[in-house]
Amino acid sequence: MLILLSICFIAALSAPWVYRICPKYTGAKLVAAPLAMFVWLLKKLSDVMHGHPVEQQFSWVKSLGLELAFYLDGLSLLFSLLISGIGILIILYTQGYFKGHPQQGRFLMYIMAFMASMLGVVLADHLLLVFIFWELTSFTSYLLIGFNHESAAARNAALQAMLVTVLGGLFLLAGIILMAGAADTWRLSELIQRGDLLVAHKNYLPILILVCIGAFTKSAQFPFHFWLPNAMQAPTPASAYLHSSTMVKAGVYLLARLHPALGGTEEWGMILTTIGTATFLLGAIMALGQHVLKRLLAYTTVSALGAMIMLLGVGTAYTIKAMAAFVLAHAFYKAALFMIAGGITHETGGETSIDKLGGLRRAMPVSFACALLAGLSMGGFPPFFGFVAKETWLHALGDYPILIGATVIGGAAYVLVGLSTGWKPFAGKMPAELHAHEVPLSMRIGPVTLGLGCLVLAFFCGPIGHALVEPAASSIAGEHVHVHLHLWAGFNKYLVISFITLGLGLVCYLARSLFLKTAARLGVLARIGPEAVYQLIYASVLKFAGWQTRALQTGILRDYIRVTVLTAVALVGAAFYRAGGFQQWENLSPISLRIALVAVLMILAALATVHSKSRLQSILAMGVVGYSMAMLFTFFGAPDLAMTQLVIETLTVILMALAFYHLPAFRHSSSVRSRLFDGTIAIGVGVAVTLLVLAALHVQTPTPVSDYYLDHSYDMAHGRNVVNVILVDFRALDTLGEITVLAIAALGAFALLKLRSGKEEGAP
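Just so you know, the sequence shown maps onto residues 47 to 810 in the working numbering.
Hints are computed from structural coordinates only; laboratory data are not their basis.
As the structure is a computational prediction, the values presented were derived from the model and not from experiment.
Glycine included, C-beta positions come from ideal geometry on N, C-alpha and C.
Mixed in with the good hints, there may be bad ones.
Stated by the list, open to error - For lysine-lysine, the following DSS-like pairs were computed, each having C-alpha atoms within a straight-line distance of at most 30 Å:
#, residue 1, residue 2
1, Lys-70, Lys-90
2, Lys-89, Lys-75
3, Lys-563, Lys-145
4, Lys-475, Lys-539
5, Lys-145, Lys-75
6, Lys-402, Lys-248
7, Lys-563, Lys-470
As the list claims (entries may be wrong) - Pair ranges (Cβ atoms, derived):
#, residue 1, residue 2, range
8, Ile-546, Glu-312, 16 to 24 Å
9, Leu-59, Ala-728, 47 to 55 Å
10, Gly-765, Ala-789, 33 to 41 Å
11, Leu-756, Ile-178, 39 to 47 Å
12, Ala-597, Leu-560, 49 to 57 Å
Using the sequences and the hints, build the whole thing.
Written out as structure tokens, the structure reads:
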């Protein structure tokens, strides 16, 4: 798995170069990476079906307990096959969609990196590794949504999607850390075996809420749903991929993976069922008022994701089975419809409104056939796999009449959208101003494969259910779930409900103009919806950032120093406050009279330095401070250090006297109030540094390195001053490097000054 993932990432990085070398067949060459993954997954299908998951692990950072661990079971197999399989079709589709586009290589790099990241999410077995790949999907999706970066709308949509999902990622990270601590493991495969331990833990509810927020932001659940329709600014290949089988289902995957560990409780059921049902209905209802092809599909994606969360929240073996079947059905029909929508827009000169489309069946017969197959599957018409999934769904909710009612409402909306995208653009007469022709072969492969798949899967739903849905459902449930999908289950009440849903959907389709008018009137509600709250928060953050920048970034060096040292003092003060102050006063050594006198002399000299009205007097007073420090070193038995201090202080006084000689006349440019403020800061810094030094003297830490230097400085280097021996002998190369840097800086300064003086001499 690691090798195949690495190949996918390498293929992504090489995409721009492959495009330069072979622009006509870039997609055909790059498709080898996901194809290799897809073939390998098929080879492992038999093992997973028989309950033998594939595990791989490699040591990464041993000291931190990090591993490159991967785990392939029924759930990850289902998602991996969809990600890699549809990824193959998307890459081929991109070849035709971006034909002649100078940035095709860049787009292929982004989408293949996203594919590899998404595969990492579903295959990783270490929680931190899952999080790394999780964030990579947010980053790469940002690049994909904002691909047309010249467009302000695309940039805003990309930023919105990233801010929402990355913020959710922070909540998820907190939940992961708490969860790993509660279960005492970072391995997902081990964690799901310790569900009883997690559910009984005092942090169970915070863990559940944090993980749910992370998953809900990723899978566009209410109230975070608004970013997904706006993300339709992305090119169609990205929309078809991100919103059918990959990114938006990452949250669904995570909750399904953690179901054995966190599920089965009242809190789990209440949160997931409530949010899922609300999102399911909200997305379905909002889809009724859309006329732009991709936004129409986007809102039904929001609705479908809500349905998956709802079924997972109910948490019975039947609803889990229905969810797994619906994941498969949705990936097929939604990817196909997105590709067809992109093909229509591509071949009609950019037309996106279904109200301005019609009669395309003659100009685009293949696209029409595929759109009809996928649209009917979406609407739940027999004999398509969408119908099989919907029947399984209705059977699973037999004991939940409220959810059955919600399903009828949402299902009717799906019929409307399925007919609006799969039938309406192709029916009737083509407008005179519209000119269209069939998409190229590379853009037909995906829709044909997926459209026929909607039909073929239904006729082979028994084997498909046994091979894919059953292992996935068993992984989610944490126990074996028997799955028997069938196209015809006989005449029963659920079939009646299904046909009522279809009839209601047909009525909605015929009355679609009424929904559009109603949606136009209710558009004002968007001003108080979740997106309005997001915009308010976003604008407030920008406003606060502007104020903060104006307050802190003044362009005055003194203000920067003030902010820096005040922050340092505040942090030190907060640390000592939490620790109850300095607790070692009684352990300090007594101060002798001579040391006290020298300390008083240093204080007086320091005061003279800052209060003197002459630069020379200030330099001399500062020299007194340095020489007094040398005296203290002598009193404490460090003559070598005292000698070093004397030499440095002498050179400093001489150099500063020479430098200040060329400065303008000395004057006080700051007010008394400003100087008092600076003096207060200086006292605070002094107190903070003093407390830090005193505290450091009483901190007991392992000292193997220090002991080594103390034991060997005299025997090996023949020096009694350990500091000097470290600088000159043990770390001689470091010292040489520092000297070299200083020498190079001096030479650079000399060269600049010489150049300037040369120019002045040569001036006319």
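Now for the hints, and whether the structure bears them out:
no.	hint	result
1	Lys-70 with Lys-90	violated, 34 Å
2	Lys-89 with Lys-75	holds, 22 Å
3	Lys-563 with Lys-145	violated, 38 Å
4	Lys-475 with Lys-539	violated, 40 Å
5	Lys-145 with Lys-75	holds, 15 Å
6	Lys-402 with Lys-248	violated, 58 Å
7	Lys-563 with Lys-470	holds, 18 Å
8	Ile-546 with Glu-312: 16 to 24 Å	violated, 32 Å
9	Leu-59 with Ala-728: 47 to 55 Å	holds, 52 Å
10	Gly-765 with Ala-789: 33 to 41 Å	violated, 25 Å
11	Leu-756 with Ile-178: 39 to 47 Å	holds, 42 Å
12	Ala-597 with Leu-560: 49 to 57 Å	holds, 54 Å
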